[in-house]
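Assemble the whole structure, with the sequences as input and the hints as a guide.
Numbering follows UniProt numbering, with no gaps: position 147 of the sequence shown is 147.
If you are wondering where the hints come from, they were derived from the structure by calculation, not from laboratory data. One should not assume that every hint holds.
Computed cross-link-like contacts, DSBU-like style, restricted to lysine-lysine with a CA-CA straight-line distance of at most 30 Å [to be verified]:
| hint | residue 1 | residue 2 |
| --- | --- | --- |
| 1 | 139 | 129 |
| 2 | 160 | 427 |
| 3 | 318 | 427 |
| 4 | 82 | 165 |
| 5 | 69 | 318 |
| 6 | 427 | 345 |
| 7 | 70 | 209 |
| 8 | 49 | 139 |
| 9 | 165 | 153 |
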Amino acid sequence: MIKTIKKLFVNNKQQTVKVRDLTRYKDILKPLFELPVHNSWLDDETIDKIMRDGTVIAAIGNRKASTLKKEILIECENKSYKEALEDAFSFNVIDSILDIPYYGFGVYEINWSVNNGIIIPTLHERNYKNFILDNGKLKFNGLGYAEDIPFDKAIAATYKAKPNKPYGQPLIQTLFWLVEFKNASLQFWVELLERFGTPWVIGKTEGDKNALADEIYNMLGGDGAVLDTEDEIKIETVKDGGNFKELVEYIDNQIREVILGGNLTANVKGGSLAAANVHNEVREDLAQADENIVNQIIRELIWTFQKVNNTQDQIKGKLKDKDDPNKPLADRDKVIHDMGFKPTKEYIEATYNIKVIEIEQKNNSLIANSNISRANPIILNKLPQDELERNINNIDFSNLALTFHKQILEIINKGESCEEILDNLFKAYPTFDTKELEDSLYKYLANASLLGVASVEDENPNG
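Following this line, the structure appears as structure tokens:
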């Protein structure tokens, strides 16, 4: 008894020493995890396991689709600059930029080449784990020590970075436990099926049990057992409890909510228009967040491009829908058209990316606009858009208004009746709204009639 107690104390001592050794070992490793790098980055094998999950792949593809369907728009008068910057953002580059929300941090190396006197950039994704942020400044840390990077050599972007999380908030950290639980549950159920899912043949005999067992095995080639006739095996299954299918569905829904931002259509049973609308709004918000990351890299590359090429040309860039007609610009052009100015075919095709065919319109006006036709045309459509916006309010339309005024008075003076005047005005100006003028003419004619009656009564007071 005493020897047994001594053995217990010896074992406890050995365990205590082992724990102390591990504690000291952790203290030695602790400084390694306090380096100025993201100490919660997952290893490549774990990340690959997360990214191979079917639900994760489908959800990421669904989220990316709303941004990948857009195209890069570079606004610049220099076509060579415009083409160089548009080529830098290929489909594969934008697709890799959209992976930043899942890693939290992304770095792209800029390689430069010369073509026709222009220094052209090319973006290449690099392993973000080899870089650190030192007071917001990007540095290379692939060799174990921080190295400065030239301003024209790399661009970095983060997803939802905060002061306490300068490297962003990677979604794979949240997905890690969901995928782990999902894989663990799958492994458990596979092992359970291996053990209890295959059928067993159970035979009962009062004779040689080994001989019967051999016969069962030779007959079926599977698992079998032989019992005494008095023996009995009873398998009790769980009547109530968790369902494996429901568990996997729950985890898959959680994965979709992490990536898609509240996938209500996965949780709502039956049709729900309100839920679908809310779901679409959430997706639009997430798509805008992804688009902002791409636009940030576009702006930084444009700034670097201007510095490297030593150009002062104004260059702007962003993502836009392929079928987006630029509604504010279209509304402005419509106002200018309603004022009487017609944009050129070249301007329409270049601005709205469509092919147009000019249609001749016959002029059915009774009085030729001779004064206007002899006037020098004001060609607004050849001005740059920003120049037009600055000078639209400074254009003097007084001479043009005076010409219209003279022509309208001429039509009125030549008219024999109100109906004839209105008919001639409508023919001269088919798009002119004559309702207000019509009301005014009727009012003036009525006043003239009353004035005529009053004048006659004054001249003939006795009738």
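Checked hints:
no. : hint      : in the structure
1   : 139 x 129 : holds, 11 Å
2   : 160 x 427 : violated, 63 Å
3   : 318 x 427 : violated, 47 Å
4   : 82 x 165  : violated, 36 Å
5   : 69 x 318  : holds, 13 Å
6   : 427 x 345 : holds, 27 Å
7   : 70 x 209  : violated, 74 Å
8   : 49 x 139  : holds, 29 Å
9   : 165 x 153 : holds, 24 Å
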